[in-house]
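K.L.:
Residue numbers (this note's numbering), protein chains in the order written: chain A, 263 to 592; chain B, 263 to 592.
There's no promise every hint is true.
Stated by the list, open to error - Simulated restraints on C-beta separations: (1) Asp-485(A) / Gly-291(B): 49 to 55 Å; (2) Arg-341(A) / Asn-424(B): 39 to 45 Å; (3) Asn-424(B) / Glu-393(A): 55 to 61 Å; (4) Ser-496(A) / Val-271(B): 43 to 49 Å; (5) Arg-341(A) / Pro-529(B): 17 to 23 Å; (6) Gly-291(A) / Val-271(B): 39 to 45 Å; (7) Thr-267(B) / Glu-493(A): 19 to 25 Å.
For the record, the hints were derived by calculation from the structure and aren't laboratory data.
Here the structure is a predicted model, which means the values were calculated and not measured.
The C-beta atom is built at its ideal place from N, Cα and C for all residues, glycine as well.
Single-letter residue listing:
2 protein chains.
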Amino acid sequence: MPIWTSEAVDIDCPDLTHQLRKRLLHYRGINVAEDEILVTVGAQHALCIISTLFADDERPIAFEDPGYQEARHLFHLYRNRIAPVPVDGSGIDTRQLPVEYKLVYTTPGCQFPSMVNLSEDRRDELLRAAERADAFVIEDDYEVGLLGHEKPISALKARDQNDRVIYIGSLSKTLSPSIRMGFIVAHRDIIKAAKIVRSLTVRHPPSIVQETTALFLAHGYHDVHLNKLRETYSQRWHIMRTGIERHLPMFSRGQATGGTSFWIAGPDHFDARKFAQQLQKRGVLIEPGHIFFHEGTPKNTFRIGFPSVATAKIDDGLQIIGEEAQMNLI
Amino acid sequence: MPIWTSEAVDIDCPDLTHQLRKRLLHYRGINVAEDEILVTVGAQHALCIISTLFADDERPIAFEDPGYQEARHLFHLYRNRIAPVPVDGSGIDTRQLPVEYKLVYTTPGCQFPSMVNLSEDRRDELLRAAERADAFVIEDDYEVGLLGHEKPISALKARDQNDRVIYIGSLSKTLSPSIRMGFIVAHRDIIKAAKIVRSLTVRHPPSIVQETTALFLAHGYHDVHLNKLRETYSQRWHIMRTGIERHLPMFSRGQATGGTSFWIAGPDHFDARKFAQQLQKRGVLIEPGHIFFHEGTPKNTFRIGFPSVATAKIDDGLQIIGEEAQMNLI
Numbered sequence: 263m264p265i266w267t268s269e270a271v272d273i274d275c276p277d278l279t280h281q282l283r284k285r286l287l288h289y290r291g292i293n294v295a296e297d298e299i300l301v302t303v304g305a306q307h308a309l310c311i312i313s314t315l316f317a318d319d320e321r322p323i324a325f326e327d328p329g330y331q332e333a334r335h336l337f338h339l340y341r342n343r344i345a346p347v348p349v350d351g352s353g354i355d356t357r358q359l360p361v362e363y364k365l366v367y368t369t370p371g372c373q374f375p376s377m378v379n380l381s382e383d384r385r386d387e388l389l390r391a392a393e394r395a396d397a398f399v400i401e402d403d404y405e406v407g408l409l410g411h412e413k414p415i416s417a418l419k420a421r422d423q424n425d426r427v428i429y430i431g432s433l434s435k436t437l438s439p440s441i442r443m444g445f446i447v448a449h450r451d452i453i454k455a456a457k458i459v460r461s462l463t464v465r466h467p468p469s470i471v472q473e474t475t476a477l478f479l480a481h482g483y484h485d486v487h488l489n490k491l492r493e494t495y496s497q498r499w500h501i502m503r504t505g506i507e508r509h510l511p512m513f514s515r516g517q518a519t520g521g522t523s524f525w526i527a528g529p530d531h532f533d534a535r536k537f538a539q540q541l542q543k544r545g546v547l548i549e550p551g552h553i554f555f556h557e558g559t560p561k562n563t564f565r566i567g568f569p570s571v572a573t574a575k576i577d578d579g580l581q582i583i584g585e586e587a588q589m590n591l592i
Numbered sequence: 263m264p265i266w267t268s269e270a271v272d273i274d275c276p277d278l279t280h281q282l283r284k285r286l287l288h289y290r291g292i293n294v295a296e297d298e299i300l301v302t303v304g305a306q307h308a309l310c311i312i313s314t315l316f317a318d319d320e321r322p323i324a325f326e327d328p329g330y331q332e333a334r335h336l337f338h339l340y341r342n343r344i345a346p347v348p349v350d351g352s353g354i355d356t357r358q359l360p361v362e363y364k365l366v367y368t369t370p371g372c373q374f375p376s377m378v379n380l381s382e383d384r385r386d387e388l389l390r391a392a393e394r395a396d397a398f399v400i401e402d403d404y405e406v407g408l409l410g411h412e413k414p415i416s417a418l419k420a421r422d423q424n425d426r427v428i429y430i431g432s433l434s435k436t437l438s439p440s441i442r443m444g445f446i447v448a449h450r451d452i453i454k455a456a457k458i459v460r461s462l463t464v465r466h467p468p469s470i471v472q473e474t475t476a477l478f479l480a481h482g483y484h485d486v487h488l489n490k491l492r493e494t495y496s497q498r499w500h501i502m503r504t505g506i507e508r509h510l511p512m513f514s515r516g517q518a519t520g521g522t523s524f525w526i527a528g529p530d531h532f533d534a535r536k537f538a539q540q541l542q543k544r545g546v547l548i549e550p551g552h553i554f555f556h557e558g559t560p561k562n563t564f565r566i567g568f569p570s571v572a573t574a575k576i577d578d579g580l581q582i583i584g585e586e587a588q589m590n591l592i
């Protein structure tokens with residue numbers, strides 16, 4: 263039954279949860295019941311709910327370092343302590359998890375901002391560690407369906423035998439960030455508690471957004487759009503890689519094999535903030551990487567995103583970055 | 263410029279804020295600039311933002327008793343202390359405000375759940391008291407435009423010379439609760455801070471909801487709908503009052519002259535919860551009043567709402583309430 267105009271505090275649009283399960287979650291290898299999904303006002307709201315839900319637990323939140331700074335700010339806002347955990351070419355370093363923690367925030371599909379895939383071994387270790395610590399793993403699958411990795415890996419949630427994973431997905435990267443459509447997948451007890459926090463924060467996500475999104479998915483428009491996006495992004499990713507090898511030999515690139523941005527490091531003394539300012543004058547935008555680090559350092563990394571750069575302009579942009587880098591005597 | 267598909271963390275839909283100012287705020291006597299309004303995911307989200315924003319201030323939140331329980335729960339969720347302040351026939355009793363408080367939560371237009379108007383004297387005193395205490399007044403104008411009082415009074419915000427009032431409005435009661443359209447009106451410094459909290463909680467309210475609501479308002483549909491609602495509710499209110507006098511002489515009714523529900527009290531020993539259960543068996547729903555009180559007592563009050571009761575059925579319903587009351591030997 264559609265819920266276009268009625269209040270919907272207790273129940274999400276059934277067509278929407280059906281479509282999310284069928285079109286997005288199955289694709290990510292996740293098979294859950296309807297009462298294990300909760301619709302939110304975008305992924306940020308999902309994080310807000312979890313941040314609030316676990317605020318009373320004194321243990322820290324283990325957090326990828328570098329990691330998604332908006333999540334870190336949100337956890338701080340609700341007085342959660344953060345325990346940074348280093349990231350390497352295989353993703354979050356599970357050997358360096360703290361002894362005690364309530365949650366570990368991760369982006370296994372495409373570590374943000376380094377874009378590496380969490381290795382198979384680390385995935386298993388992460389789940390075992392959470393079980394030992396009596397903690398939960400937040401899997402922020404922010405690029406759901408977009409990964410473009412040569413060998414796509416199912417979500418961590420897909421191998422979660424003990425309900426330790428709280429999965430967060432959204433349509434922001436594939437459909438539009440403006441509709442604010444996100445969702446949490448977790449054990450039904452967590453979903454039940456999350457629904458109470460949701461009702462206190464916004465009562466429920468707008469019904470009109472739920473119903474229109476359900477229709478958009480049901481008619482297959484999202485699948486078609488997603489395939490086009492994947493094709494475009496995959497093409498751009500390869501142009502980026504080739505261009506970086508050609509124009510930016512003075513920098514080192516991470517080991518990522520997919521994602522919608524590249525994570526680049528300069529020599530130790532390199533200041534990416536200054537570099538970003540210089541590039542901006544020439545019409546090229548890069549994102550200095552220090553903001554993703556717990557301590558705000560090092561300063562020598564930056565991120566180049568390409569979803570909003572026309573394919574034909576990518577190589578020119580990289581050439582400008584290379585020219586500026588040479589002038590800076592890197 | 264419409265923002266249908268773009269992310270809108272920093273700016274709200276300009277057409278929407280224009281329409282809210284022109285069609286709703288001016289009607290309530292409020293004239294503010296665009297940077298003094300912030301759109302939220304319904305009034306609950308507005309309260310969530312304020313609750314978060316003031317959480318670090320150790321002083322309590324003064325709170326109408328009885329009062330809107332969802333706001334009380336929300337303030338508790340974010341660790342704010344509550345100082346209950348009694349309500350009488352003139353609204354919140356400003357003489358009983360605590361010495362220290364950071365916020366006072368009020369519903370001046372139509373005190374919830376007693377439905378009384380905050381008197382002129384109390385309005386002035388509330389603003390003076392807030393100035394003395396260096397505190398802010400939350401004006402939850404939840405029935406914006408619907409009041410139906412014989413002598414409508416402008417919003418408290420309209421007489422706020424010192425930017426002490428944080429006004430909250432929504433379209434939930436007039437248009438639909440399902441769209442989750444709310445807004446905060448306050449000093450631009452508060453709006454600026456609120457926008458940061460908003461971005462951390464949901465990033466921004468869905469653009470599609472902002473744009474469709476702006477269009478709905480701009481075309482005058484909301485005005486027309488509001489006038490119809492006012493007419494219907496005013497008619498029902500008078501039928502309710504007449505029916506209560508006829509069928510419920512064993513109860514006492516508050517001094518409200520408007521609103522969309524009636525606040526009724528039985529004798530001291532009367533148990534409204536049991537009474538509600540009995541009435542439910544006969545197909546009549548009332549809301550026991552203890553949930554609105556800080557301490558969960560007294561138990562002898564209840565609320566009868568009429569927005570979702572057909573006009574023709576009101577008198578029959580009241581008659582059933584009267585019959586049941588007589589059988590309970592009240």
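K.L.:
Each hint: holds or not?
P.N.:
Results for each hint:
Here the CB-CB span from Asp-485(A) to Gly-291(B) is close to 51 Å, well matched to the stated 49 to 55 Å. A C-beta distance of roughly 31 Å is found between Arg-341(A) and Asn-424(B), which places it outside the suggested range of 39 to 45 Å. A beta carbon spacing of about 56 Å between Asn-424(B) and Glu-393(A) agrees with the range 55 to 61 Å that was offered as a hint. In this structure the hint that Ser-496(A) and Val-271(B) lie 43 to 49 Å apart at CB is violated, the actual value being about 29 Å.
Our hint of 17 to 23 Å for Arg-341(A) and Pro-529(B) is violated, since their Cβ atoms are close to 46 Å apart. Between Gly-291(A) and Val-271(B) the Cβ separation comes to about 32 Å, which falls outside the hinted range of 39 to 45 Å. Against the hinted window of 19 to 25 Å, the Cβ-Cβ separation of Thr-267(B) and Glu-493(A) comes to about 21 Å, which satisfies the hint.
Of the hints listed earlier, those the structure fails to meet are numbers 2, 4, 5, 6, in rising order.
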